[in-house]
Amino acid sequence: MNQRMSYFVLTCMSLGLAFLYIPILSMIVFSFNASKLVTVWDGANSPTLKWYYALLGNEEILDAAWISAKVALINATGAVILGTLAGFGLARFSRFRGRFTLNAMTTAPLVMPEVITGLSLLLLFVAMEQLIGWPAGRGITTMTIGHMTFSMAYVTVIVNSRMATFDTALEEAAMDLGARPVKVFFLITLPIIFPAILSGWLLAFTLSWDDLVISSFTSGPGTSTLPMVVFSKVRLGVSPEINVLATLTITVVTAAILGVNWFIARAGKLDA
Amino acid sequence: MSGRGLVVALPFVWLLLFFVVPFVIVLKISFSDVDLAIPPYKPLLDWVGKHTLAIKLNFDNYAFLFTDSLYLRAFWNSIKVAFFSTVLCLCIGYPMAYGIARARPHTRNVLLLLVILPFWTSLLLRVYAWIGLMKANGVINNVLMSLGVIHDPLTMLYTPFAMYVGIVYSYLPFLILPLYANLEKMDWQLLEAAQDLGCRPWQAFYKITLPLSRNGILAGSMLVFIPATGEFVIPALLGGPNALMIGRVLWDEFFANRAWPVASAVAILMLILLVPFMMWYQSVQARESAGAR
Numbered sequence: 001m002n003q004r005m006s007y008f009v010l011t012c013m014s015l016g017l018a019f020l021y022i023p024i025l026s027m028i029v030f031s032f033n034a035s036k037l038v039t040v041w042d043g044a045n046s047p048t049l050k051w052y053y054a055l056l057g058n059e060e061i062l063d064a065a066w067i068s069a070k071v072a073l074i075n076a077t078g079a080v081i082l083g084t085l086a087g088f089g090l091a092r093f094s095r096f097r098g099r100f101t102l103n104a105m106t107t108a109p110l111v112m113p114e115v116i117t118g119l120s121l122l123l124l125f126v127a128m129e130q131l132i133g134w135p136a137g138r139g140i141t142t143m144t145i146g147h148m149t150f151s152m153a154y155v156t157v158i159v160n161s162r163m164a165t166f167d168t169a170l171e172e173a174a175m176d177l178g179a180r181p182v183k184v185f186f187l188i189t190l191p192i193i194f195p196a197i198l199s200g201w202l203l204a205f206t207l208s209w210d211d212l213v214i215s216s217f218t219s220g221p222g223t224s225t226l227p228m229v230v231f232s233k234v235r236l237g238v239s240p241e242i243n244v245l246a247t248l249t250i251t252v253v254t255a256a257i258l259g260v261n262w263f264i265a266r267a268g269k270l271d272a
Numbered sequence: 273m274s275g276r277g278l279v280v281a282l283p284f285v286w287l288l289l290f291f292v293v294p295f296v297i298v299l300k301i302s303f304s305d306v307d308l309a310i311p312p313y314k315p316l317l318d319w320v321g322k323h324t325l326a327i328k329l330n331f332d333n334y335a336f337l338f339t340d341s342l343y344l345r346a347f348w349n350s351i352k353v354a355f356f357s358t359v360l361c362l363c364i365g366y367p368m369a370y371g372i373a374r375a376r377p378h379t380r381n382v383l384l385l386l387v388i389l390p391f392w393t394s395l396l397l398r399v400y401a402w403i404g405l406m407k408a409n410g411v412i413n414n415v416l417m418s419l420g421v422i423h424d425p426l427t428m429l430y431t432p433f434a435m436y437v438g439i440v441y442s443y444l445p446f447l448i449l450p451l452y453a454n455l456e457k458m459d460w461q462l463l464e465a466a467q468d469l470g471c472r473p474w475q476a477f478y479k480i481t482l483p484l485s486r487n488g489i490l491a492g493s494m495l496v497f498i499p500a501t502g503e504f505v506i507p508a509l510l511g512g513p514n515a516l517m518i519g520r521v522l523w524d525e526f527f528a529n530r531a532w533p534v535a536s537a538v539a540i541l542m543l544i545l546l547v548p549f550m551m552w553y554q555s556v557q558a559r560e561s562a563g564a565r
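Chains A and B, in that order, are what the protein sequence lines are.
At position 87 of the first sequence the residue is numbered 87 (our numbering), and the sequence of numbers has no breaks.
Each number in our numbering corresponds to the 1-based position in the second sequence with 272 added.
Note that these hints are calculated values from the structure, not bench results.
Ideal Cβ placement from N, Cα and C applies to all residues, glycine included.
A few of these clues could be false.
To be clear about the criterion: a stretch of chain A counts as covered by chain B if any three or more of its residues have a C-beta under 8 Å from a C-beta of chain B, and this derived list gives those stretches [to be verified]:
1. 4-13
2. 25-32
3. 42-52
4. 208-217
5. 241-253
Residues from chain B that face chain A, not an exhaustive set, calculated with beta carbons under 7 Å [said to hold, decoys possible]:
6. V279
7. L282
8. I297
9. V298
10. N330
11. M368
12. P390
13. L396
14. A401
15. I403
16. F504
17. G519
18. L522
Chain A extracted, bound-state conformation:
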């Protein structure tokens, strides 16, 4: 790049990153603010941890977090199984009946507006209940099914692109030595794509943990997830406890991403 162009790119990069991070940093800073007015800094009594204690004593938020955690855990595990199978199939079997359809069905949820997915899932659950009596009412089960349907699409993409870049010679060698396909998958393929599966699991967990729209459509009475509670609070205005929740979320996410990155980098070194 020439000088002028690299200055231009550098300026854009800095402004872009500032745009991405100023809101996040402001939430972290104001989570330590004593004032209930949230954005007016109360210099005399800040920084304080009082909203952290308030959050940890807020039963409504804790209950919702527990429901979200349950849904996210089951969802991530289910989505990883379905997504790995789909990603593996799409990457390794170049021709099979329904390949085009499977490809389309795993791409569409990535871009489908959530209100459409949510509405259609709810109508399906209602129709199924009328027809076969299952699922009886809506709650954790229906939410988890809804989350799995869109998060497995993300896992498929991650696994598929990992499969596309790794050397099939290893699998072929194992087959030549007499290993059956299932054994090859578990002994060769799975360990190699494990970092991708791990990222897929974490992404599926996060997508579910953060989802508001599909949860709202598919949840039942008494099963409000964390985003649903946050949304109803935020609609009434800003609240210091939400800043605390955001700060805690960001801390956990950052730690998880750095941890996984470190793990993948180490696995990469062992490969080489």
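Given the structure of chain A, go ahead and fit chain B onto it with the hints provided.
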């Protein structure tokens, strides 16, 4: 069934049942009558007499959407907002993706992490952050007033401006990542060759980099445009009561008015509008991965 068949059968059947079949049901309910019952719609098929099954298709829901100008305005406004948000995302995201692709490997990984990190943090919480920044006694107004730039607070929250900020902010990583993946594969020697042959840097960019990154631009733009058209959370939180977006209209029809058939008709029209873009996206993706191999 062969072992191969079994591997893909499970995800296939799952998606068929929970992703494709639901749309058939939405289509069906978009043709039924509203009813004051649980669930709030009348069946399409009805036994009239002993051996006669009548199918009653009700087009009122669609007719209603086309007669009340609110819905058409909402559709038009959603497309407009999604389109300009995509353009803004491109203006901000392209230089960033370009910068990441051309950075040294170590810097590149750090920059990528910085772009990915917000994407992993709850959208709801990040949109919420903008309320704190943009409200009347929010951070931006406080800073500007204490610097003496303005004397009265600016009205930002609950305006179209706030909605654009929210959408561009939330969808920016979706544009940067596919664009970066595309630019990363670029052979930069082409640029050097062009410059050796007398191209000015901007000319080389315009004639070589831009056309070669076409698929990345298209893929990233679709990842912004399609979901942004149906966005609910951002207009609901930042756009104020007058922000007319079709995702929000669907939500209100469903939750506030309990008009499930009308909400279904809105969903079907939205699908008719967006499915061509989704198919375009898929063909771009197919071309990208074919080029990668």
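Tested hints:
Here's how the segment 4-13 of chain A fares: 7 of its residues keep a CB closer than 8 Å to some CB of chain B, so the rule of at least three is met and the hint holds. By the rule of at least three residues with a Cβ nearer than 8 Å to a Cβ of chain B, the coverage given for the segment 25-32 of chain A holds, with 3 such residues. With a threshold of 8 Å between beta carbons, the proposed coverage of the segment 42-52 of chain A by chain B is violated, since 0 of its residues qualify and at least three are required. With 6 residues carrying a beta carbon less than 8 Å from a beta carbon of chain B, the segment 208-217 of chain A meets the three-residue requirement, and the given coverage holds.
Only when three residues or more bring their CB closer than 8 Å to a CB of chain B does the claim for the segment 241-253 of chain A stand; here the count is 7, and the claim holds. Proximity of V279 of chain B to chain A holds as hinted, the smallest CB-CB distance being about 5 Å (cut-off 7 Å). At its closest, the beta carbon of L282 of chain B sits 6 Å from a beta carbon of chain A; the interface hint therefore holds under the 7 Å criterion. Taking 7 Å as the C-beta cut-off, the interface hint given for I297 of chain B holds, the closest approach to chain A being about 5 Å.
With its C-beta approaching chain A no nearer than about 5 Å, V298 of chain B sits inside the 7 Å limit, and its interface hint holds. For N330 of chain B, the interface hint is violated, since its Cβ never comes within 7 Å of a Cβ in chain A; the closest pair sits about 16 Å apart. About 5 Å separates the beta-carbon of M368 of chain B from the nearest beta-carbon of chain A, less than 7 Å, and the hint is met. The restraint placing P390 of chain B at the interface with chain A holds, with a minimum CB-CB distance near 5 Å, inside the 7 Å limit.
Interface hint status for L396 of chain B: upheld, as the beta-carbon distance to the closest one in chain A is roughly 5 Å, under 7 Å. Because the closest C-beta pair between A401 of chain B and chain A is about 4 Å apart, less than 7 Å, the hint holds. For I403 of chain B, the interface hint holds, the least distance from its beta-carbon to any beta-carbon of chain A being 6 Å, beneath 7 Å. Against a cut-off of 7 Å between C-beta atoms, the interface hint on F504 of chain B holds, since the closest Cβ of chain A lies about 5 Å away.
The beta carbon of G519 of chain B comes within 5 Å of a beta carbon in chain A, closer than 7 Å, and the hint placing it at the interface holds. Interface hint at L522 of chain B: satisfied, since its Cβ lies 5 Å from the closest Cβ of chain A, which is below the 7 Å cut-off.
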